[in-house]
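Its first residue numbered 1, the sequence shown is counted upward by one per residue in the UniProt record's numbering.
Worth flagging that the hints you see were computed from the coordinates, not collected in a lab. C-beta: ideal position from N, C-alpha, C; glycine also. Warning: the hint list may mix true and false statements.
Computed list of lysine-lysine pairs in DSS-like fashion (alpha-carbon distance at most 27 Å, straight line) [as the list claims (entries may be wrong)]:
#, residue 1, residue 2
1, Lys65, Lys41
2, Lys54, Lys37
3, Lys46, Lys64
4, Lys46, Lys65
5, Lys65, Lys54
6, Lys54, Lys64
Here are the computed distance ranges between Cβ atoms for each label pair [to be verified]:
#, residue 1, residue 2, range
7, Leu7, Leu47, 14 to 20 Å
8, Asp66, Pro25, 15 to 21 Å
9, Arg90, Thr38, 18 to 24 Å
10, Tyr61, Pro24, 18 to 24 Å
11, Tyr70, Ala2, 35 to 41 Å
12, Met86, Val15, 37 to 43 Å
13, Leu72, Leu42, 19 to 25 Å
14, Glu44, Ser6, 14 to 20 Å
15, Ser95, Asp66, 26 to 32 Å
16, Val15, Asn99, 17 to 23 Å
17, Lys64, Pro23, 16 to 22 Å
18, Glu97, Thr38, 33 to 39 Å
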Amino acid sequence: MAIDTSLFWDDDGRVYIIGAAGPPPQTEVCQFEIDLKTGKKLSEEKLLWEGVTKAYPEGPYMYKKDGWYYLLIAEGGCFAGRHTVMARARDIWGSYEVNRLNLVLGKANPNDTQATETFFKDHVN
Numbered sequence: 001m002a003i004d005t006s007l008f009w010d011d012d013g014r015v016y017i018i019g020a021a022g023p024p025p026q027t028e029v030c031q032f033e034i035d036l037k038t039g040k041k042l043s044e045e046k047l048l049w050e051g052v053t054k055a056y057p058e059g060p061y062m063y064k065k066d067g068w069y070y071l072l073i074a075e076g077g078c079f080a081g082r083h084t085v086m087a088r089a090r091d092i093w094g095s096y097e098v099n100r101l102n103l104v105l106g107k108a109n110p111n112d113t114q115a116t117e118t119f120f121k122d123h124v125n
């Protein structure tokens, strides 16, 4: 796992490294528990989520609120269909569920650049 890693500190004091792994565009979001003092893995690396489109899921960041683990990721790489999406689970290891109709941020139509050109500085042919 080497793409866009982040750390998550759980309420119980455990720490996890979350990141993307695998050959693009079929990268997957994975995690493992780590001992910050020694740098040793305390668990095996496990697949958390492949994202909605399964195209370039990356940049994962974990949040916890009211007993839910929320996993925020980017998908689509640097291409027209990129977006940000969040999934949630009751257990840090999943299974993660997503509302596919509720993207956090992104283009609904990759051919529609008018509103997003200014915000994302897109390049238009």
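Outcome of the hint check:
1. Distance check on the hinted pair: Lys65 and Lys41 sit about 25 Å apart at the alpha-carbon level, within 27 Å; holds.
2. Pair hint Lys54 plus Lys37 does not hold up; C-alpha atoms about 34 Å apart against a cutoff of 27 Å.
3. A hinted pair counts as satisfied when its Cα atoms are at most 27 Å apart, and Lys46 with Lys64 qualifies at roughly 19 Å.
4. In summary, the hint linking Lys46 to Lys65 is supported, as the alpha carbons are separated by about 22 Å, within the 27 Å threshold.
5. About 26 Å separates the Cα atoms of Lys65 and Lys54, which keeps this hinted pair within 27 Å; it holds.
6. Of the pairs offered as hints, the one joining Lys54 and Lys64 holds, with about 24 Å between alpha carbons and a cut-off of 27 Å not exceeded.
7. Between Leu7 and Leu47 the beta carbons are some 19 Å apart, a value that agrees with the proposed interval 14 to 20 Å.
8. The hinted window of 15 to 21 Å between Asp66 and Pro25 is violated, with their beta carbons roughly 34 Å apart.
9. The beta-carbon spacing between Arg90 and Thr38, approximately 29 Å, falls outside the hinted interval of 18 to 24 Å.
10. Hint check: Tyr61 to Pro24, Cβ distance near 19 Å, so the stated range 18 to 24 Å holds.
11. Taken as a hint, the range 35 to 41 Å is violated for the pair Tyr70 and Ala2, whose Cβ atoms sit roughly 23 Å apart.
12. Take Met86 and Val15: their Cβ atoms lie about 21 Å apart, and the range 37 to 43 Å is violated.
13. Restraint check, Leu72 to Leu42: a C-beta distance of roughly 24 Å satisfies the suggested window 19 to 25 Å.
14. For the pair Glu44 and Ser6, the beta carbons lie near 19 Å from each other, so the given range of 14 to 20 Å is met.
15. Between Ser95 and Asp66 the beta carbon distance is about 18 Å. The supplied range of 26 to 32 Å is therefore violated.
16. With their beta carbons about 28 Å apart, Val15 and Asn99 fall outside the hinted range of 17 to 23 Å.
17. A beta carbon spacing of about 30 Å between Lys64 and Pro23 contradicts the range 16 to 22 Å that was offered as a hint.
18. Separation of Glu97 from Thr38 is about 34 Å and conforms to the stated range, judged on CB atoms against 33 to 39 Å.
In terms of the numbered hints stated before, the structure departs from hints 2, 8, 9, 11, 12, 15, 16, 17, listed from lowest to highest.
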